[in-house]
Amino acid sequence: MLRPRLIPVLLYKDGILVRSKSFSFHQSTGDPVEQVVRFTEWKSDELIYLDISRDNLYNSDQGMSTVGSTSSKREHEAYHTENFASVVKAIAKQCNIPLTVGGKIRTLEDVQIRLKNGADKVSINSMAFERPEFITEAAEKFGTQCIVASVDVKLDETTNRHEVYISNGKVATGLNPVTWCRRLEELGAGEILLQSIDRDGGAKGYDLTLIKKVTEAVSIPVIALGGVGNNQHFVEGLEAGASAVAAANIFHFTEQSVIKVKEYLSSVGVHVRL
Amino acid sequence: MKYCSKCTYPIIAVNLTMSDEGVCSGCIVNEEKLKLDWAGREREFQELLLSYKNKDGKNYDCIIPVSGGKDSHYQVWYVKEKMGLNPLLVTYYTHNYTKTGEENLKNIGKVFGVDHYVFTPSYKTIQKMNRAGFKKTGDMSWHFHNGMNTTPFQVAVKLNIPLVIYGEHGFVDLAGQFNFEDRPEFTARHRKEHALRGYDWYDFVGLEGLTEQDLLWAQYPSDEEIAKVGVRGVFMGLYVYWDGNKNAEDMSIKFGFKPNPEPFERTYRLTSNVDDIHENGIKDYLKFVKFGYGRCTDHTSKDIRLGNMDREEGIGLVRKYDHVIPRKSFEYFMDMTGMKEEEFFTTADTFRDSRVWWIENGEWFKDNLWGEPSSYGKVHLPKDAWSKYIRAK
Chain A
0 MLRPRLIPVL LYKDGILVRS KSFSFHQSTG DPVEQVVRFT EWKSDELIYL
50 DISRDNLYNS DQGMSTVGST SSKREHEAYH TENFASVVKA IAKQCNIPLT
100 VGGKIRTLED VQIRLKNGAD KVSINSMAFE RPEFITEAAE KFGTQCIVAS
150 VDVKLDETTN RHEVYISNGK VATGLNPVTW CRRLEELGAG EILLQSIDRD
200 GGAKGYDLTL IKKVTEAVSI PVIALGGVGN NQHFVEGLEA GASAVAAANI
250 FHFTEQSVIK VKEYLSSVGV HVRL
Chain B
0 MKYCSKCTYP IIAVNLTMSD EGVCSGCIVN EEKLKLDWAG REREFQELLL
50 SYKNKDGKNY DCIIPVSGGK DSHYQVWYVK EKMGLNPLLV TYYTHNYTKT
100 GEENLKNIGK VFGVDHYVFT PSYKTIQKMN RAGFKKTGDM SWHFHNGMNT
150 TPFQVAVKLN IPLVIYGEHG FVDLAGQFNF EDRPEFTARH RKEHALRGYD
200 WYDFVGLEGL TEQDLLWAQY PSDEEIAKVG VRGVFMGLYV YWDGNKNAED
250 MSIKFGFKPN PEPFERTYRL TSNVDDIHEN GIKDYLKFVK FGYGRCTDHT
300 SKDIRLGNMD REEGIGLVRK YDHVIPRKSF EYFMDMTGMK EEEFFTTADT
350 FRDSRVWWIE NGEWFKDNLW GEPSSYGKVH LPKDAWSKYI RAK
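Just so you know, the protein sequences line up as chains A and B, in that order. In terms of numbering that gives the first Met the number 0, the first sequence has 219 at position 220, counting the first letter as 1, and numbering is strictly consecutive. In terms of numbering that gives the first Met the number 0, the second sequence has 66 at position 67, counting the first letter as 1, and numbering is strictly consecutive.
Heads up, some of the hints might be wrong.
Here are the computed lysine-lysine pairs in the BS3-like style, where the Cα-Cα straight-line distance is at most 30 Å [as the list claims (entries may be wrong)]:
(1) Lys-169(A) with Lys-5(B)
(2) Lys-92(A) with Lys-135(B)
(3) Lys-157(B) with Lys-259(A)
(4) Lys-88(A) with Lys-57(B)
(5) Lys-227(B) with Lys-259(A)
(6) Lys-169(A) with Lys-34(B)
(7) Lys-169(A) with Lys-1(B)
(8) Lys-259(A) with Lys-135(B)
(9) Lys-169(A) with Lys-32(B)
(10) Lys-1(B) with Lys-103(A)
(11) Lys-54(B) with Lys-81(B)
(12) Lys-52(B) with Lys-259(A)
(13) Lys-259(A) with Lys-54(B)
(14) Lys-157(B) with Lys-42(A)
(15) Lys-257(B) with Lys-81(B)
(16) Lys-5(B) with Lys-20(A)
Cβ pair distances, simulated, as ranges [unchecked claim]:
(17) Asn-95(A) with Gly-370(B): 48 to 56 Å
(18) Leu-273(A) with Gln-218(B): 27 to 35 Å
(19) Glu-132(A) with Leu-206(B): 53 to 61 Å
Covered, in the sense of this in silico footprint (three residues per stretch, anywhere, with C-beta under 8 Å from a C-beta of chain A), are these stretches of chain B [as the list claims (entries may be wrong)]:
(20) 170-177
(21) 190-201
Calculated directly from the structure, the hints in this document are not laboratory data. Where a beta carbon is used, it is the ideal one built from N, C-alpha and C, also for glycine.
Construct all of the structure, not just a fragment, from the sequences and the given hints.
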């Protein structure tokens, strides 16, 4: 039997890691690499690392983000270069657990660069909408197991309908998430990273209806993301059908957070890997 | 350089971010602070405190790291007098205390009738750490950041006291680094990455002849030790509405806290950062050297958010104070370390951030909050290191 996975997510924006709210307000949580070390030490099952940089600034001499660890250093860390590949390389070096890297993947070469620098999987979002056959091409070239289709969904409160968004949650596609996830499976995606935009950073729990609908419609694993505010929310996500439960913000703020969540899950009868 | 449209912070300020509308995270978080259910949060904090109270009276209930300042007085008053817990105060004593700071530190144990654990590293080690900290990180007070974020946890682990209570969360308050909703706690990562600027004790072994044994006090307990005692470090300011100005007033009227008796050279506030001679002195001047802003930017941003002054007034104060070289703390440091003035300014120049500073006609230039860029004096850096500071016209 496959054990349910607990997956921390890190968001990288313009040289630093950030806490996100509603995909729009981002606060610094610090250095792009240090937290990877901790998540590995805390025995996370996997790590998802998403590049949400608004512009293509990967060189700290050009960006204005300052983290404690660079503030008193004369030179910036070596991974602050002109591209994201050096960041992937630096984090992969510290990461002894399966690493999924996402953000700004538009070509097979983009996939290859990330895998070559140490990612185990890549997540693809906007490009799957713009050119669905890209998922098939990537799966054929690199294997289904390393292609994660990332799907961002917003709930329209007035109509109570879910809709898929792309481009950092800014552009509506008119797609229904259930239909879209089925299609992604057919195209060759190995997993789905299902994220709720309106739940992001709100700590009110997952969008359980969304998780139920999607997991009933597809047979590939679904990773739930967006809205976790306490330990019980993870349990709810698994009960709604997710194969893996992911969260970003909650893991940043307390000591040995991943270990403590796993201890909790285990105590209520969820068979996570301790 | 971009500046926040509401307060006086530049976007490069430590741990700050800016929204697309040009408002800094500090101002955004402060607005959230005003809307929170503080009564509910305070109840939550009181329940947390009481859950750590010893039933059998055989140990201290918690640790309060104190510097002796206004907020320290307030924390001890709250935990001991208001909540009836038995805290152990812990201080990392730096040899850099001001006279008023020392009086306040002694006052705190006396007026509240609590035990106080004061740890002091050898004077020789502190001399060396002042030099090494300055040369390596551009901050002679690095040892102080380390001590106040390490000693309480060494004591917690040794004496089996699981709860450590800090006061205000500095980075939340100034930079809006975290959300109140997240209730961030103390972590090893927070300590190293934010409080200690990405360095740890082992980065100093071998500098100025420092050995591992000289730095035993600077070593944070292991994950296993922390887990075994179940140590948690919480920030009281996330649960109890924090008003530093009011704390200063209350604590000085009722419990004898003393503000600084004379004006500071680098800021107008007399009640903040009273303890350590370098806090409002050259340690802070070096922040200006690195990033082009100083303590007065911190203080005016806070006071603008609190409604104590408008932005124009804040800008005027920043213009008056941020660049000032604080002679008193400067001479104290030179005397302690035996460093020469030229070495100080040349070393300081190596920390100038090229996103802020550029060189023109052999002088340092930067953008200003009030408009036109201007010169901030002669460049001490050797000419072969100038290239990254020369901007295309």
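Each hint tested on the structure:
| no. | hint | verdict |
| --- | --- | --- |
| 1 | Lys-169(A) with Lys-5(B) | 27 Å, holds |
| 2 | Lys-92(A) with Lys-135(B) | 26 Å, holds |
| 3 | Lys-157(B) with Lys-259(A) | 23 Å, holds |
| 4 | Lys-88(A) with Lys-57(B) | 51 Å, violated |
| 5 | Lys-227(B) with Lys-259(A) | 13 Å, holds |
| 6 | Lys-169(A) with Lys-34(B) | 28 Å, holds |
| 7 | Lys-169(A) with Lys-1(B) | 25 Å, holds |
| 8 | Lys-259(A) with Lys-135(B) | 36 Å, violated |
| 9 | Lys-169(A) with Lys-32(B) | 28 Å, holds |
| 10 | Lys-1(B) with Lys-103(A) | 27 Å, holds |
| 11 | Lys-54(B) with Lys-81(B) | 18 Å, holds |
| 12 | Lys-52(B) with Lys-259(A) | 22 Å, holds |
| 13 | Lys-259(A) with Lys-54(B) | 25 Å, holds |
| 14 | Lys-157(B) with Lys-42(A) | 27 Å, holds |
| 15 | Lys-257(B) with Lys-81(B) | 22 Å, holds |
| 16 | Lys-5(B) with Lys-20(A) | 21 Å, holds |
| 17 | Asn-95(A) with Gly-370(B): 48 to 56 Å | 52 Å, holds |
| 18 | Leu-273(A) with Gln-218(B): 27 to 35 Å | 28 Å, holds |
| 19 | Glu-132(A) with Leu-206(B): 53 to 61 Å | 58 Å, holds |
| 20 | 170-177 | holds (count 4) |
| 21 | 190-201 | holds (count 8) |
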